Amino acid sequence: MKYKISVKHSKTSMAVLSKPAAEPKSGFSPIPVIDISDPESKHALVKACEDFGFFKVINHGVSSELVTVLEHEAVAFFSLPKSEKTQLAGYPFGYGSREIGRNGDVGWVEYLLMNANLDFSSVPFPGIFRNALLEYTTSVRKMTCHVLEMMVDGLGIKPRDTLSKLVSDSNTDSMFRLNHYPPCPLVNKTTNGGKNVIGFGEHTDPQIISVLRSNNTSGLQISLTDGSWISVPSDPSSFFFNVCDSLQVLTNGRFKSVKHRVLANSRKSRVSMIYFAGPSLTQRIAPLICLIDNEEESLYEEFTWSEYKNSADNSRLSDNRLQRFKKKPVNDS
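For what it's worth, this note's numbering labels the leading residue of the sequence shown as 1, then goes sequentially.
Please keep in mind that the hints were generated in silico from the structure rather than gathered at the bench. Treat the hints with caution; some may be incorrect.
[Stated by the list, open to error] Cβ pair distances, simulated, as ranges: (1) Pro159 / Gln323: 25 to 35 Å; (2) Pro183 / Lys327: 40 to 50 Å; (3) Val33 / Gly104: 31 to 41 Å; (4) Asn103 / Ser231: 19 to 29 Å.
Since we're looking at a predicted model, the values are computed, not measured. Idealized CB from N, CA, C, for every residue including glycine.
Using the sequences provided together with the hints, build the complete structure.
Shown next as structure tokens:
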């Protein structure tokens, strides 16, 4: 399959992080599973956001055939010669390989990053790829709004669209990312000291909520509150949701933005699709008044999404991006 591409050429290459990931600690805590077709799951949903900041969604209503088509098209693109893929290189949107962001982070990954609010007509892909992108992002946005409304129901606040309205209109700054992690020959090799290789370094997502779907290859891990890491079993028929930094602020720290990472696989290729639901650039982010009794209980300074996004873009992956926006205790001098 060939793609008609007319973008300036840019050279990139794949690389392994010089610092391998720490070995996962033993033991496993099950990932919360939320049936979003059941309205009573709203309470389990809130608990999952409080305890993990991460959960798996079933009975989501997104077409499995659509997901299969999009994954097939993504695999076809990533299978192209490097010289063709790099013709789509660009920042912030476009093809990238190895380099993650602008501040020195690298991983065993290549990716496509796109504005999720486009109609994709201007993207130089075959029509079937463009149509699948549009239908997928539309379906996942609808599912995301439903999940956010269930959260609000579980929190017992009104109106029901308190959170969903932040990500539902055409002015929102949402993104869609396709990641490809090729098999890594260095994983667990003696030349690498028997260590893991980082596919995508540990980080939290800055938006409101992110929605992940991947093929049947493991690698994703989340960090627990005690600092240990657990692996997320792959499940290509379900979606995984991350609480992001902005949602942690909106809930005044009640929901936890989860730190996560991806380890490379020695034998199998991993393809993931992530929808990052963000607000409009001018949207002001602050703890919801209905969740605090008075302004003094607010843990965070108010900021616009544009301000926080710029701050995140100028940080390293593993930085605590919210630290800058935390309020100092009243008795601090």
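Here is how each hint holds up against the structure:
1. Pro159 / Gln323: 25 to 35 Å: 32 Å, holds
2. Pro183 / Lys327: 40 to 50 Å: Because 46 Å falls inside the window, the suggested range holds.
3. Val33 / Gly104: 31 to 41 Å: Taking Cβ atoms as reference, Val33 and Gly104 lie about 37 Å apart, which means the hint holds.
4. Asn103 / Ser231: 19 to 29 Å: For Ser231 against Asn103, whose Cβ atoms are near 27 Å apart, the range 19 to 29 Å holds.
Violated hints for the displayed structure: none, as all numbered hints are satisfied.
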